[in-house]
Amino acid sequence: MHMADAMISPAVGATMYVASGLVAAYSIRKIRKEEDFKKKIPTMGVMGAFVFATQMVNFTIPGTGSSGHLCGGLLLSSILGPFAGFLSMIGVLLIQCLFFADGGLLALGANVWNMAFYGCFIGSLIWKLVMKKGMTKGKIILASLVGCVLTLQLGAFSVTLETLASGITELPFGTFVATMQPIHLVIGLIEGFITAAVLCFVYEARPEMLWNGTQNTEKQAKFSYKKTIAILACLLVIIGGGISLLASSNPDGLEWSIEQITGDTGVEGRDDAAHETAESIQSATSFLPDYTFKDSEATIGTSVSGIVGCVITVVFLMAIGYVIKIKRKKGNIVNE
Amino acid sequence: MIEVKEVSFSYNGSKKQTLSNINFKIEDGESVGIIGANGAGKSTVLKLLVGLELNYQGNIMINNLKVEKQNLQEIRQKIGYVFQDSDSQLFMPTVYEDVAFAPRNYGFSNEEVNERTVGALKSIGIEELQDRQIYRLSGGEKKLVSIATVLSMKPDILIFDEPTIALDPKNRRRFINVLNSLKGTKIVTSHDLDLIYDTCNRTILIADGNIIFDGDTKTILQNKDLLENNGLELPLSLQRR
Amino acid sequence: MNKIDNAIKTVHHMDYQANHNGYLNTIHPLVKLLITIIYIILLTSIDKYNLVTTLAMSIYLILVSMIGDLSIKNALKSLKVVLLLLLILGIANPILDRTVITYIGIVPITTGIISMFTLLLKGIFAILASYFLILTTSIEEICYALKMIHMPNILITVVMLIYRYIIVFLKEVQRIWVAYQMRAPKQKGVHYKAWGSLIGGLMLRSIDRAQVVYESMELRGFDPDTFFIKKEKADKKSWIYFCLMLILFIILRFVPIFEIIGGIFI
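Residue numbers (this note's numbering), protein chains in the order written: chain A, 1 to 336; chain B, 337 to 577; chain C, 578 to 843.
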């Protein structure tokens, strides 16, 4: 699922940008070391466009009237390997957010993380584990199903966390998770079957196309995986830290939902250092304190006049725009 | 000058020899057609000339440079290769960017790049397409732009792989006129024997990886039996109706 | 499949607009990109109960659509999906956050209702802002701007290639779908027995195409470290535009300008 800009606060958006950016930088470094690196670039582009186009295809799900779609992270990395697959997905997501309003500029970092990172890295980790002792059709189906379901679950869970940390919904954590996960379980299964069907076809037609998890030199690949996991762990700590920091500055976000579930308010915890830092960051970033509806009775008056003022200005501007448009049209007629 | 001496080649992992013991020599300024049935090895010859496949036996020399890894950059700058599928050849978003791709990558200054780009477009009369998006071009326009993308390198040798395959008669005629107006060595592969007849004075016929005929175009294109034995037909312009 | 047709139309429309010679098209892409990002950040950082400031941010969009003579008609289609998504998220707010702050007639206005509206407006405004960016800026220009903020060449090349081949593949998928549908007229989607062969076949073809693209690049001396787009640095006009927009943002976001205007009338 693509997150929209409005679902995310700038701080969470920035955190996710940093996380995705680090993985991208690392992937580029890895790609550059590969032997056929120059050939990978056009392949990444063309395969990205391929994934983009196939996402538009409806697949009829047997026994139901509905249809499923392809997402592509695992598909790409099963051909290109995780690093090239990840970079290719970034390209796809960037174009989707710019041209098709799927996602947004601010949420791009989060979307890359939720879809490309899990899809490509976790997906290919599973792929590699399953294919350890050679490839068979059954293994391809297994890896596709497990990979798609798991990566989509992780993605959906991240969406939940990011949205709650941004504090834009009153939806309690439990309810949110309970809606997101089962929906994505179904989506993941369908995607898994489609991916499996496609990869099995490729396996029968041209098995040498499929990524076997070793790439060029086996030693390097093994070593790099350890590194990848280490980096992953670091990133998780950073993100976890970031989110908890945000959560503490946002009482109605994550903490509020945790409070709902556990019944523990955690009031004492709010005096701690992290909270103070967050508070000071927040007061530093907002030059003027926000005047809001919630603050007090007195602000309601100013807010109402604010809305009135806004409406007047908008109407005024639109009237000007309308006049300009008519004039332009007239001008065109005269010119012609 | 192109010299191909005792060249044999088979693709990775394949036991079948795609080319076996091929010999020919092309002098500067010649126009040569390479004809043959599907899978005869025409495209392979072209790929060997520009070093897209390097594991061959024998000797290929381009302007007295052997086709091998360390000479590739120099050789490729001298050869313009126009692919069969324009959509794959043209990978940049706009015409200008695609034509400017090669000179930029060969490290010319911005002024030089611009001069070469505009020059290449002008030389085949399509400078008005400069700012167009590639995907908005018609098939004929794409083919002409493909030529411009290699002309901007100012190559000595031009190679065309099945150039007229998706062109309508009018665009085909335009293409032939452009081709004939270009200077330098030209190599054209095609099943369109009328095209070969109109553009090349020498023709090489390849079948099963061997050169069956190498000589005057008119001679071979009138040899009905030889052509038909190799999956080809007399060009329409030479058929008696 | 309607989606494919729509996607092709969208790309065509965007491209046509972006290469159109409006005033905003002459502004440097980096300036437009930065302005859009700043706008979205300022917009999404507004407090969830602050409906007035959120509304005020619409002034920028109105101004831009006036300056650039842009229509939002095409944006509305893509808005539908996002609005639905935000509505699902936002609908919980009026239910769970029920502090009544005032009444309009007898209808109670709760904080939850306010925050839901704020969320929806933010969603619409953010999308329109990026939509206006892409309407006035071509993909090459955006790539150039990304290059200027140090996005790696490899990624930019990949983005450009994806964009270049989107239409090629969409049209191919469209042809495949027409061919499929003519022989299976009653199916709304691809039958599961054809999942693998249909997409798999296309996938193999795209791998082959990638090979030819690679060869074509290679023969023309492809060097992943050179970046290839003609473009000049931002001119004075663009920076003036940048500064003016920035001032506008600061006024809209941090000065209660509308309370002042409204105050005159009430």
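Hints may contain errors.
Reference listing, derived: stretches of chain A covered by chain C, where coverage requires no fewer than 3 residues with Cβ under 8 angstroms from a Cβ of chain C [to be verified]:
no.	segment
1	6–15
2	42–53
3	91–105
4	130–137
5	154–164
These aren't lab readings, by the way, just hints derived from the structure by calculation.
For glycine and all other residues, C-beta sits at the position ideal for the given N, C-alpha and C.
Hints, verified against the model:
Coverage of a stretch by a chain is defined here by at least three residues with a beta carbon nearer than 8 angstroms to that chain's beta carbons; for the segment 6–15 of chain A and chain C the count is 6, and the condition holds. Coverage of the segment 42–53 of chain A by chain C holds [criterion: at least 3 residues with CB-CB distance below 8 angstroms; count 11]. Counting residues of the segment 91–105 of chain A whose CB falls under 8 angstroms from any CB of chain C gives 12; the rule of at least 3 is met. Under the rule that three or more residues need a Cβ within less than 8 angstroms of chain C, the assignment of the segment 130–137 of chain A is violated, with 0 such residues.
Evaluation of the coverage hint for the segment 154–164 of chain A: breached, as 1 residues show C-beta separations to chain C shorter than 8 angstroms, against a requirement of three.
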